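Novice: What follows is the residue order along each chain.
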Amino acid sequence: MIKLTIDGNEIEVQEGTTVLEAAEAAGLYVPTLCHHPQLTPYGGCRLCMVEVEGSRTLQPSCTLPATAGMVVKTNTQKVLDARKFVLTLIFSERNHFCMYCQVSDGDCELQNRAYDEGMTHWDLQPNWQPFEVDASHPFMVLDNNRCILCRRCVRACGELVGNYTLGFEERGADSLLVADYDVPFGESSCISCGTCVQICPTGAIIDRQSAYQGKETEVDHNIGVCVECSVGCQRNVLTRDNRLVRIEGEWDAPLNNGLLCDKGRFLPLEDDRPRLLTPLVRKNGSLKAATWDEAIEAIAKRLNKGEGLAAVASTRQPIEDLALFKSLFADNLKAELVTTLEEGKATASAAKLAEKLDKSFEASLDVLKDTDAVLSLELDLVDEHQVAGFFVKRQLMDGTKLLVADGKENKLAEKANHKLELKAGDEGQFIENLYKAIKDSTGDEDMIKAAGVLKSAEKPVIVYGQDFTKNADEKALTTLLEIAEILNASLVGVKGNANSMAASQLGMEEPIKEKGYQTGFVLLGDEEPTQKLIKRFEEIPFVVALSAYGSQLTGNADVVLPVTMWAEQSGTYLNMDGRLQKAGRALEAPDGVLTSQEALLKISQALSIEPDLDWQASLTARKPTVEIKAI
Amino acid sequence: MAKPKVATDWLCGCAGCHMSLLDIDERILQVVELVDLRSSPITDLKEPDEDGVTVGILEGGINNTYNEEVAKKMRERCKILVALGDCAVFGGVPAMRNFFGEDAALKRAYIDAESNDDEGKIPSSPELAQMTRVRAVHEVVPVDLFIPGCPPDADVIFYALVELAEGRIPEIKGDKLDWH
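If you're matching them up, the sequences are chains A and B in order. Every position in the first sequence, counted from 1, becomes a number in this note's numbering once 1198 is added. Every position in the second sequence, counted from 1, becomes a number in this note's numbering once 65 is added.
Careful, some of the hints might be misleading.
Straight line, CA to CA, 25 Å or less: simulated BS3-like cross-link-like pairs of lysine-lysine [what the hints assert, rightly or not]: (1) Lys238/B / Lys1271/A; (2) Lys137/B / Lys1282/A; (3) Lys1413/A / Lys238/B; (4) Lys238/B / Lys1276/A.
The calculated label-pair distances, taken between Cβ atoms and stated as ranges, are [said to hold, decoys possible]: (5) Lys238/B / Glu1222/A: 15 to 25 Å; (6) Leu193/B / Asp1469/A: 37 to 47 Å; (7) Asp1372/A / Ser180/B: 32 to 42 Å; (8) Leu1287/A / Ala194/B: 29 to 39 Å; (9) Met161/B / Glu1414/A: 46 to 56 Å; (10) Ala194/B / Tyr1410/A: 34 to 44 Å; (11) Leu1322/A / Val227/B: 24 to 34 Å.
To give an idea of the chain B side of the interface with chain A (calculated C-beta under 8 Å), a few residues [unchecked claim]: (12) Val154; (13) His203; (14) Glu204; (15) Val206.
In case anyone wonders, no lab produced these hints; they're calculated from the structure. Since the structure is predicted, the reported quantities are computational estimates derived from the model, not experimental observations. We put the beta carbon where it would ideally sit given N, CA and C, even for glycine.
Take the sequences, apply the hints, and build the full model.
Specialist: Dropping the structure here:
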């Protein structure tokens, strides 16, 4: 610990703390623009300048390490004058006329800093140099005229996401923010994660979906977990007048630290599937609008028979829904099949082994943030579970070795140091070969090289996807555990959808048979049914579907209940590394639409069943693959 | 003591700041109690008194030689010059044309615009003022008080007028500072 004085306050901080961090820790305010807590200090804008006793000139506090005995002043006249001057220079460099800017009046950090300094005008007039606006990207507009060259976006794209799409060309006043080697943003290597638009302090990168739809202070905020996959990123859903405006990553979230992918940020606002607004019941061969009572009666009549019942739920639904679903169909109605749309592919084999060994062998996702070698088994983290992929990609420049084993097209493999062939069905043999290569250095050359990389790593991680778990048998997984033990490696199983692991804990992971069911009950929620599922359900004589959207499956069903989509319901989710997190309700459901929970309770009531609603106990009844952490 | 005299004028703006001035509604009676409102675009007298006024208020930026002349005359005849609104303070929306230049702006308006006939004609007469780059008022004459906003809020205008009438310089900060 070292002691320094800031504005007369004696402050004790860890060595390596910057003056800015020390000041903030002491509750003192120093304005910043290029600085961002998630990024490496950069010292680009000079707004955070402070006076340091003994220094000839003012010093940028964001990059200045605190040293013992240092005496710092943050609000002398010299500092205040410098701040105003820095802001004046920034305003005069490009087009910073607030009256025609999207982020003006609250959402612009540059304007807010000027207000803080009480600036009523600028002494210097702008350099009237126009730059072209790049509107080629589907989700973002890149406007160099509004850019203050703080490079937050460039640093975020590289340091946080590991994508390195954004960069600068030219120098000084001619500096231009460009994508790749100056190609249109929409045709660049951008993966639309939107971190740049979230981190931009001005209107230089604008979000197209929410532009001019309301400022931060005019919208409602709803912080909760993303339901698009099992990573479990925390996000902020912004709404206004019961309409989605924008989705942002939560900077303070310990797991994703503000990051989201296109699926979590932009695509939910592009959903234009036809909404179901009324219950439907098949009469004389065609689906007709019905009341809730009629529809529930039709369902109850059929379920009372009970034979050959297959009940399948989406793993996008909250745990509360899944537990209720299981209690109703497995415990009370004794259905032949109670499972999920995932059919346990992403979880069953590993879950069985954990139960058998009575041991949680998977690690926290945080291990992926600090590793020197990653072995990815049949998993493309560029395509799915993208934020976990960012953790890996952003470390590659620092020398982290990436080994990708897959048998199909894999975009992560483009960045791999070693590619290994792993065909679907060969998982057992592959793991056996890897084991031999590690233990005895025998086998083919590629495998021995890969084994060498893993053996020399200090913090190796082996991460596997559902294409691996669905084929890997107990022997393969047991050998994988032995490998992890030899290497002192962490294992991460990414699983599938948002509540993949919860469904596994509830024991809903049976495969659906090709034929033989008499009644099919499917809780789709807002999940889009696959062609395979549609075909399976076509074979079943009577089908009940709970769905937010119309699809071929609901078109073929005999009773359809309109239920809420993700934003209209609340509930709990268990992510891939055992974090229990809440998703809140951000929107009011349309009239006549109930939550799946309400719909299931209506059905239970019609059948005089009192389902068990205590999901916490059911969730921990079985040894999990990874330790479950309380909310 | 005689009431302080106030004169206003508009330059390259949209008259919105004067509209916002009228938005003080019945409080204009209080203002008239406190000050002697002389020339303005919304009163009969069109030029500030030759023997001077206490406060001169200008709305709009300066985009031609005529505006320059009006601004200089106001500066000469007032003690305290106020730049009212984003155009007077920064150049505002009209300053967008500075990114393209006067020639391109004239061509767009008088030749290319969809409402023109086939030929179009850029007005040119020695009697017309010469077009210039759009400038903030303080680029042409010294300004004593800046009240930004597009337009400034009626409450801010009322506050500023009362302060000026009572011989104080208003402080435009906190809630009152809003460039829009």
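Novice: Give a verdict on every hint.
Specialist: We went through each hint and held it up to the structure:
Annotation: proposed proximity of Lys238/B to Lys1271/A holds, straight-line Cα distance about 24 Å (limit 25 Å). Between Lys137/B and Lys1282/A the CA atoms are separated by roughly 28 Å; this puts the pair beyond 25 Å, and the hint is violated. About 21 Å separates the Cα atoms of Lys1413/A and Lys238/B, which keeps this hinted pair within 25 Å; it holds. For the hint linking Lys238/B to Lys1276/A, the alpha-carbon distance of about 21 Å falls within 25 Å, and the restraint holds.
Restraint check, Lys238/B to Glu1222/A: a C-beta distance of roughly 24 Å satisfies the suggested window 15 to 25 Å. With their beta carbons about 56 Å apart, Leu193/B and Asp1469/A fall outside the hinted range of 37 to 47 Å. One distance hint, 32 to 42 Å for the beta-carbon pair Asp1372/A and Ser180/B, holds here, with the actual separation near 38 Å. Restraint check, Leu1287/A to Ala194/B: a C-beta distance of roughly 33 Å satisfies the suggested window 29 to 39 Å.
In this structure the hint that Met161/B and Glu1414/A lie 46 to 56 Å apart at CB is violated, the actual value being about 26 Å. The hint said 34 to 44 Å for the Cβ distance between Ala194/B and Tyr1410/A, and at roughly 35 Å that hint holds. For Leu1322/A and Val227/B, the Cβ-Cβ distance of about 32 Å falls inside the hinted range of 24 to 34 Å, so the restraint holds. Annotation: interface hint on Val154/B holds; nearest CB of chain A at approximately 5 Å, less than 8 Å.
Restraint check, His203/B versus chain A: the minimum CB separation of about 7 Å is within 8 Å; hint holds. The beta carbon of Glu204/B is positioned within 8 Å of a beta carbon in chain A (closest approach about 6 Å), and the interface hint is therefore held. Interface restraint check: Val206/B against chain A, minimum CB-CB distance 14 Å, threshold 8 Å, status violated.
Hints 2, 6, 9 and 15 from the list above are not met by this structure, while the remaining hints are.
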